[in-house]
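Given only the sequences and the hints, what does the whole structure look like? Please build it.
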Amino acid sequence: MPQFLQVALLATLLTLTGCSSFTTSEQPPIPQINSWNDHQQQMALLTHWELSGKIGIRSPQDNQSANLFWQQQDQKYVIEMTGPLGQGGARITGQPGHIQVSIAGEGDFQAGSPEALLQDTLGWSVPVEQFQWWVRGLPAPDSSFQQQMNNNRLDELMQDGWHVRYLRYKQHDIYTLPSKIRLSRDALSITLIIKEWTPLH
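This note's numbering puts the sequence shown at residues 2 to 202.
Keep in mind the hints are simulated off the structure, nothing from the lab.
Below, simulated DSS-like cross-link-like pairs (lysine-lysine); rule was C-alpha separation at most 27 Å, straight line: (1) Lys55 to Lys181; (2) Lys171 to Lys196; (3) Lys181 to Lys77; (4) Lys196 to Lys181; (5) Lys55 to Lys77; (6) Lys181 to Lys171; (7) Lys77 to Lys171; (8) Lys55 to Lys171; (9) Lys196 to Lys77; (10) Lys196 to Lys55.
As the structure is a prediction and not an experimental result, all values here were calculated from the model.
So, in structure tokens, the structure goes:
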């Protein structure tokens, strides 16, 4: 075989090999979940975690977006939003019965009702205690709900007047967790894109 044909063939094989490897690494398969009960039990045990990503809020009054960091330690949480949403940043810390919102340049605000405080300080609100469950792909306990499933994972959830749609999941360590969620109630729509999940031990 002429030398230039050998070189061309080798280059073609290397190109095909490289494309195949790239496609495999970029699209890892999500493991099949054996049952919804198994998935619920595994997610319920994930009580200490961090996530980072972006949040977008659409309402009749305004459209906002921000970078998001959320740390959950059992029932205690710290949620930080930076970027256009808070004109420098907003930090939410809380636990059952108490919440504090700190806004850059404005100070600290406290209340016993997370929803009322978020509405007063940020202009929008989510049920934070339920959201801790929804973000893991679970319905919140002690409240009635309706759900639609897909491959033993939540596809849609209707609870406490909110419609939660799970648009994408991603594998993180041993957990299959939501990576894109959209929440809506009345004219408010919140989209959460999660780039990284980190279980804390």
